[in-house]
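Q: Sequence:
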Amino acid sequence: MGEWIDFERWPDCTSMQRPGIVFEVTNGEQTLFTSCIVPLPLPFDWEAQPRRFRAVPQREPRHSSPIPKPIDP
Numbered sequence: 107m108g109e110w111i112d113f114e115r116w117p118d119c120t121s122m123q124r125p126g127i128v129f130e131v132t133n134g135e136q137t138l139f140t141s142c143i144v145p146l147p148l149p150f151d152w153e154a155q156p157r158r159f160r161a162v163p164q165r166e167p168r169h170s171s172p173i174p175k176p177i178d179p
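Position 24, counted from 1, in the sequence shown is what our numbering calls 130; the numbers after and before it change by one each time, with no gaps.
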């Protein structure tokens, strides 16, 4: 994982973009994983502004469990 960077430098994320890399953004209480979008749209439930971010490897997708078949009445 990359070093934490002050959120004031968020516009610099465009030069940090690489395939397989996403950005972890935090406000100290909440965390968001996102691609580089300037300006960053924050989730509606964030009460505090972002404080820092870092580049992290993108997680591998995982399959969900199959949906169970309906129960016959």
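Worth flagging that the hints you see were computed from the coordinates, not collected in a lab. None of the values given here were measured: they were computed from a predicted structure. Glycine included, C-beta positions come from ideal geometry on N, C-alpha and C. Mixed in with the good hints, there may be bad ones.
[What the hints assert, rightly or not] Beta-carbon label-pair distances, calculated as ranges:
hint: 1; residue 1: Pro174; residue 2: Thr120; range: 54 to 60 angstroms
hint: 2; residue 1: Val144; residue 2: Ser171; range: 35 to 41 angstroms
hint: 3; residue 1: Pro172; residue 2: Ile143; range: 30 to 36 angstroms
hint: 4; residue 1: Ser170; residue 2: Thr140; range: 17 to 23 angstroms
hint: 5; residue 1: Glu166; residue 2: Gly108; range: 44 to 50 angstroms
hint: 6; residue 1: Arg168; residue 2: Gln136; range: 20 to 26 angstroms
hint: 7; residue 1: Gln164; residue 2: Pro117; range: 17 to 23 angstroms
hint: 8; residue 1: Met122; residue 2: Asp178; range: 51 to 57 angstroms
Q: Could you run down the list of hints and mark each one as holding or not?
A: Hint by hint, here is what the structure shows:
In this structure the supplied range 54 to 60 angstroms is violated for Pro174 paired with Thr120, their Cβ-Cβ distance being about 44 angstroms. In this structure the supplied range 35 to 41 angstroms holds for Val144 paired with Ser171, their Cβ-Cβ distance being about 37 angstroms. Range check, Pro172 to Ile143: about 33 angstroms between beta-carbon atoms, so the 30 to 36 angstroms window is met. Under the hint 17 to 23 angstroms, the C-beta atoms of Ser170 and Thr140, about 22 angstroms apart, fit the expected range.
A hinted range of 44 to 50 angstroms is violated for the C-beta pair Glu166 and Gly108, which are about 19 angstroms apart. Roughly 23 angstroms separates the CB atoms of Arg168 and Gln136, a value that falls within the hinted 20 to 26 angstroms. The given range of 17 to 23 angstroms is respected by Gln164 and Pro117, whose C-beta atoms sit roughly 21 angstroms from each other. A beta carbon spacing of about 54 angstroms between Met122 and Asp178 agrees with the range 51 to 57 angstroms that was offered as a hint.
In this structure, the earlier hints numbered 1 and 5 are contradicted, and the remaining ones agree with it.
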